[in-house]
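Modelling step: build the complete structure from the supplied sequences, incorporating the hints.
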Amino acid sequence: MRLALKDIRYHSFKFFTSVLGVGLLLMVVLAIGGIIRGVILDSSTIITETGADLWVVEKDKLGPFVEISRIPEDYYHAVEVIPGVAEASPLVMAWEHVARMPRPTPLMRFLYMNTLLTTKTMVEPGWMAMPKDQQFVLIGYKPGRIGGPPVIVAGRGIEADNYELVADERAGFQLGERVRLGYHDYTVVGLTKNMVAFTADPVLYTTLKEAQDVLIQPDPDLLRDRRRRYKQQTLPKEKARVPILVEPLAQRAASVAEDTHVVNAVAVKLEPGASAEEVAREIRRWKRLDVYPAPRQVNLQLMGSNRLILFQLSLFRALLVVIAGIVIGLVIYTFTLDKVKEIALLKVLGAQGRRVYGMIVQQALLMGVLGTIIGGVLEQASEPYFPRRVETTYGDIGQMLVAMIVVAVLASIMALRRAMKVDAPSVLGA
Amino acid sequence: MEYAIQAEHLVKVYGAGRTRVEALKGVDLVVRPGELFAVMGPSGSGKSTLLRILGLVIEPTEGRLVLDGDDIYNGGRPDLQRLRREKVGFIFQLANLIPFLTARENVVLPLELIGVHGRRARDRAMELLDYLGVAERADHLPEALSGGENQRVAIARALAHEPKIVLADEPTASLDTERGLSAMRLLRRVANERGTAILVVTHDTRMIGEVDHVIRLGDGRVVEKGDVLERPRA
Ligand SMILES: Nc1ncnc2c1ncn2[C@@H]1O[C@H](COP(=O)(O)OP(=O)(O)O)[C@@H](O)[C@H]1O
Ligand SMILES: [Mg+2]
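Protein chains in written order, with the numbering used here: chain R, 1 to 430; chain A, 431 to 664.
Be aware that one or more of the hints could be misleading.
[What the hints assert, rightly or not] With a straight-line Cα cutoff of 20 Å, these simulated SDA-like cross-link-like pairs (lysine to any residue) come out:
1) K421(R) x D509(A)
2) K6(R) x Y433(A)
3) K14(R) x A4(R)
4) K6(R) x P529(A)
5) K421(R) x A446(A)
6) K341(R) x I488(A)
7) K421(R) x L510(A)
8) K6(R) x Y444(A)
9) K421(R) x Y444(A)
Source of the hints: derived by calculation from the structure; they are not laboratory data.
So, in structure tokens, the structure goes:
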């Protein structure tokens, strides 16, 4: 006869509401851990997924995301011939906006309303208006080289300059959707996942050349105007139609538009066993380049603007863990103390100490374990609905489980020591 | 003559100094197997204290106690818990059944405590519940039973492991006269048929008619001792 289970059967409402309460509290603790991991992953994913060992940027610039870096595209050829370099990939990476906001889901609308209410007294009217455009990070890469989307979860990748995009799932685009970037419409041909900048802005991938067009190509009207003025300045006033003269001029005019061969960074993959330090030293010999190992790039993003939010979140997580431990300990403690009379009765009937301990500790463990499972399941199930990436692992839940087992055992033993002290006969009216 | 209970000069002192209370001041008592024994006396006279000592719930400050041939405090530290679950059955004023166990499970409990499990324990419990006339309530929780039924289940629980000694502290106090009497008659029958020594603390003089002996306590001493009725042994 399992006394613990019989008691739970009898007090099922109380037991399961307690378990649910414990579960919800643990869900929050797990979620805040998942939020922290989300910030870390968002800050590092582009760097880590690119798989580059070194990042080459403009001299005295910190990196493609931290500061604007511009280097001539063709430098990558020179980098690639350095001994130890397996591959050098020129990349364009920059924030772009699209005049589009996906239709907000009911959840998003709820989150928006909730934020409005919360910040009502903190903001000027208008500050909290729903944005009308969406922010992205546009990455241009040479198909076949590193720096492109690491996985395609729907559709296909990009093979050539064809005004095509691969978008991160979180951007909310459908396959086949057309997106205006710069002076062209691009078609979304594939979706990738978990590729966002450290700002959580989703990534749009296109080819290097098209990204350069989007970012650097001037307004066609401006271009036309410039060409006209250029011609006017140089053509002879007497309108002498001399074809020989016009030809080179037209070429020079056209070249105004074509000076887009600039990239933000070159991602470098080393050959196995090659020394990153030596390759970096070689690259730094160019007066116009700087180079950082990948971990340093991650560090710049993680410990940049995200540093303080990470500090705050971690502090809250620590507090929350302590609070949850105390609250859950108290729930188990009082749940046990409620059984003082039954414990006294078992004592008087001569029940062995281990039987009484067994019943109490089993219940406490069951409460802790079920609570952790419920918390874990709820947290995992809710992860996709968070507006930013939230990611817990089974390791996190396992850690939580161990912590809960410790809390449950401690709380129940403390309660039991209290319960065992009561004067059994007086509790029983004997 | 083998006694079920043999107590000599039991003394119990609670507390010390200003809170010192001498609850028993030297009580002698013998109970034979099959006897139904009543302990009476005003409130505070030490009835419950005596019962707790006889039931091995607390230890006497002084005195000798022999239960079922075992000289409890003579030599070594006695395993009171084990002796209690083997030799003694308790019936309390309020039935004090475990609320989360059914009537039958409540009776099975003391059997499991002495290592009788499964079918054997269940059959024994049903047999006792049947004997006490509450077999059809076996699968109900205590809260679904009446006061009288609860007390019968409590008696069944006290008898389950066939203790030589059953101790009852005002078992009829929460019952009306008729049910109280019927519970007393039941105890009478158990003592007769099973040879159990039963010691009942009671206030209620109407219950006296059923018992073999009465002792009256006053201020921690036996003030009166007497046979009530000579009854034919069953
Ligand atoms: N646990 C205890 N601690 C201190 N004094 C007690 C305790 N239990 C009983 N007493 C005292 O011992 C005396 C006898 O009590 P008790 O045996 O309960 O008497 P009765 O059951 O006859 O009313 C009373 O004065 C009571 O206050
Ligand atoms: Mg009393």
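Hint by hint, where does the structure go against what was stated? Just the numbers, ascending. 2, 8
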